[in-house]
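Asks: Using the sequences plus the hints, can you model the full thing?
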Amino acid sequence: MTPIVEVAGVTVRFGGLVALSDVSFAVRPGEIIGLIGPNGAGKTTLFSALVGLNRPDAGAIALDGQRIDGLRPHRIARLGMTKTFQNTALFPAMTLLDNVVTAAAVRLPLGAARALARDCLEKVGLGAAADTDIDDLTFPQKALGEVARSLATAPKVLLLDEVMAALTPNEMDAVVATLRELRDREGITLVIVEHHMRAIMRISERILALNFGQLIASGTPAEVSRDPQVVTAYLGQPDASHA
Amino acid sequence: MMRSLLIIAAVACVALLLGAVLQPRGYAVRVVCLILLAASLGQCWNIVGGLANQVSLGHAAFFGIGAYTSTMLQIKFGLSPWAGLPIGMLFAALVSVLLSIPTMRLKGPYFSLATLAFGEACRIVATAATGLTGGPQGVSVPFAGNSWLLLQFRGAGAYVPVFVGLFVVVCVAFTLLANGRLGYMLRAIRENEDAAEVTGINTLGVRLAGGAISAALTAATGTMFAQFTFFIDPDIVFSATSISIRAALIAILGGVGTLAGPIVGALVIVPLEELLSAYLSNKAAGIAPLIFGLILIGIVVWRPSGLVSLVTQRRGRT
Amino acid sequence: MIAVLQALADGLMIGGVYGVIAVGLSLVFGVLGIVNFAQAEFMMLGMYVAWFAWRYLGLDPLVGAALSFVAVFCLGALVQRLLIQRIMKAPPVAQIFLTVGLLIVLENSALLLFGPEFRTVKTAYQTRALMIGPIFVSVSYLSAFVAAVIVSGGLWLVLTRTWIGRAIRATAQNPMAATLFGVDTRWIYAVAFGLGTGLSALGGGIVLSYSSVSPTSGSQYVVLMFTVVVLGGLGSVMGALVGGVIVGMIQSLSTLVMPIQLQNLALFTIFIALLAFRPQGLLGSPSR
Ligand SMILES: Nc1ncnc2c1ncn2[C@@H]1O[C@H](COP(=O)(O)OP(=O)(O)OP(=O)(O)O)[C@@H](O)[C@H]1O
Ligand SMILES: [Mg+2]
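Residue numbers (the numbering used here), protein chains in the order written: chain V, 1 to 243; chain U, 1001 to 1318; chain D, 2001 to 2288.
Worth flagging that the hints you see were computed from the coordinates, not collected in a lab. Mixed in with the good hints, there may be bad ones.
Straight-line Cα separation of at most 25 Å, SDA-like style, residue types lysine to any residue; simulated pairs [stated by the list, open to error]: (1) D:2089 to U:1190; (2) U:1076 to U:1091; (3) U:1107 to D:2083; (4) U:1107 to V:134.
Among chain V residues calculated to face chain U with C-beta under 8 Å, some are [said to hold, decoys possible]: (5) 25; (6) 29; (7) 101.
Cβ coordinates follow ideal geometry from the N, Cα and C atoms, glycine included.
Replies: The following block contains the structure:
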């Protein structure tokens, strides 16, 4: 099967700092991938590069066989890949519903956009909060609101940046179930960044591990959690510093 | 949406009524006309300043382009202002698109600075290009008697329906933009540009469209202004304070980003301006702008969401 | 060729003065993060103070400029405490319009108080010039330039060698950390705003020694000031001084090839282009 996302040799620098160095991997359609790595490993930077928010200094990115690196984010979103923001970036002066409507209205007339937006909110279990102001939402609600807004763009690939942070274990299970359903029912490919190991290991079919901007491991959850480099990266043993 | 259209209709009806009952060559009806022009100007600014949060301090550029295009076409080629009007609008829209090449990505005060400099640059060009504009001494719109075709009348009364028309067009454009798809996108861009892009909004394109619409309507207001005053010069129509900053002041005083804002702003500013210039200006030049400056400071410090927020306490976050 | 040398020499000297005017604007931005549209009006006030000091106290404007500094420093600090402080955390729209409002108020207060006429000073050296090789050096320009150099040196000493200067720089870099080291940042903001506006006023006094003042003097200098600061990198003190010299030279070279009315047009065009393509300034390195 041809990969839906293909990343080849992507490097991103911020001034002198190499945030991503020569990262390559491929994602198959309908896969659920977990992306892990300690703080500052480059996970968010990788997502930003994928959706076009920052331009890679080297390397190539393809979506569905088409080169997308260098395209502006809205083009990439319309081609079917979008992301949520780690610390949530809902539009604060709008209601939750209007946030989602905005994303839907890019492709649809307003009436249809409203209907789709309600639908997306239902899918993530926020139907009842539709008319709430953003400031009055809890953090987990905001994160799910971001998922709903992304869904309204009709993505093929959805990149989720820590949408399960600050959840109780029970809530986390519910979100995991929701995400699985999205993949099963609508065939949306998911790449999920999460620090909570139990959740990420449960939901992912494959794990990618980043450390200091480099891809250090890739494989099934069981394989990756046994990988010595990953273990070192997380436990922070002295000899990890040369990585 | 319905409510907005009702507000526009109500204001239009009151203005038409005043136009019908007031002495057509009197002073009161002249003030009505000035209020309509000011409200239109403020509303044009509100499209970019309020909806997209791009604080332009250079709208005089488009106002002046509108005023000069129709006036010079009439003087040089005898073209009716009705034909000059769309030409000026098109020209202004084009200029706004060109201007946005360097200013598009500028944020906050940098955008304001660049537009301020651009407005001033236009004033200098208009002053220096004597062949094109008549230079610093200005030009008069030739008066050939009352004529709908030439859009010119003796006395202010006959202008009321024309300016009501302009006002309605500008306000309806604002309402459609604010409540339509483009309005959602403009607000999204205002709130968070990266998030807007990632949800599929072409932020540059949407801004370009909003800016061009605002510029074209500002040019239309400029044409109307020239037809009303019969005289323009670069310092009047390209003025940074009395056009660019005033346009923003009108919207901000009433309430940025709201339909009612510029209407309320114009209803306060224009009578105040007239009162001050009637009673004070011979004694003390500068007092009227001084008071506007003080109002501007007062509004920003004590009522950042404008007078409208006195009524609608809940909404209107900027 | 001599004309070019002459223009470069004039540009260098005027540009040094521009640097002093603009360094205040840069300082205000660097420390408070506020783009002060009214900065040039404080300069205009400084010109008036120097003029009155010349007229009634018989002080040379280069000396009177010290009074301009003191008077406008106090006014600036007061304005910061009463007004600017309230919008330090407000959205850009509020910051823009507060300072635009200040601009209008100051300009028209001057019009109301002093009338519209242009005022000039007379000094003994005004019409003198030295010949250095083939170049004329106007004594006014030269003394203004020397004053500008002395002021820049003084500013450098204050910022690097005094407690208050270090506190200002610390606040500019990181207000939170500065607070931890016992700096009362609210007080520093007032001092920095006073210092910034005072420096522009001082520059205004120097400018008066070879020029004239009227209520619109601020409007004449506002874009020039911003061009200098953007050229040197907003917030950079050194950049503003260097930017001033560059703008002075560009301006005086442009008189060789351009009619006088279009000179400002060149400036505006450079300004917009700079904002668009090199917002970090010619000297700054791209960050972020
Ligand atoms: N815009 C930027 N400018 C400069 N450096 C940046 C920028 N964004 C990220 N970085 C740096 O790049 C590195 C990777 O950051 P990134 O946010 O991608 O990490 P992360 O894996 O998402 O971490 P976390 O788990 O904390 O979210 C960090 O060292 C960070 O400081
Ligand atoms: Mg991250």
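Asks: Against this structure, judge whether each hint is valid.
Replies: Right, here's what the structure says about each hint:
With a C-alpha separation of about 18 Å, the suggested pair residue 2089 (chain D) and residue 1190 (chain U) falls inside the 25 Å cut-off, and the hint holds. Annotation: proposed proximity of residue 1076 (chain U) to residue 1091 (chain U) holds, straight-line Cα distance about 17 Å (limit 25 Å). Simply put, residue 1107 (chain U) and residue 2083 (chain D) have alpha-carbon atoms about 23 Å apart, close enough for the 25 Å limit, and the pair holds. At roughly 24 Å between alpha-carbon atoms, residue 1107 (chain U) and residue 134 (chain V) fall within 25 Å of each other, so this suggested pair holds.
Given the 8 Å rule on beta carbons, the hint for residue 25 (chain V) is violated: about 21 Å separates it from the nearest Cβ of chain U. Interface restraint check: residue 29 (chain V) against chain U, minimum CB-CB distance 20 Å, threshold 8 Å, status violated. Given hint, residue 101 (chain V) at the interface with chain U, holds; its Cβ is 6 Å from that chain's nearest Cβ, closer than 8 Å.
Checked against the numbered hints above, the structure breaks hints 5, 6 and satisfies the rest.
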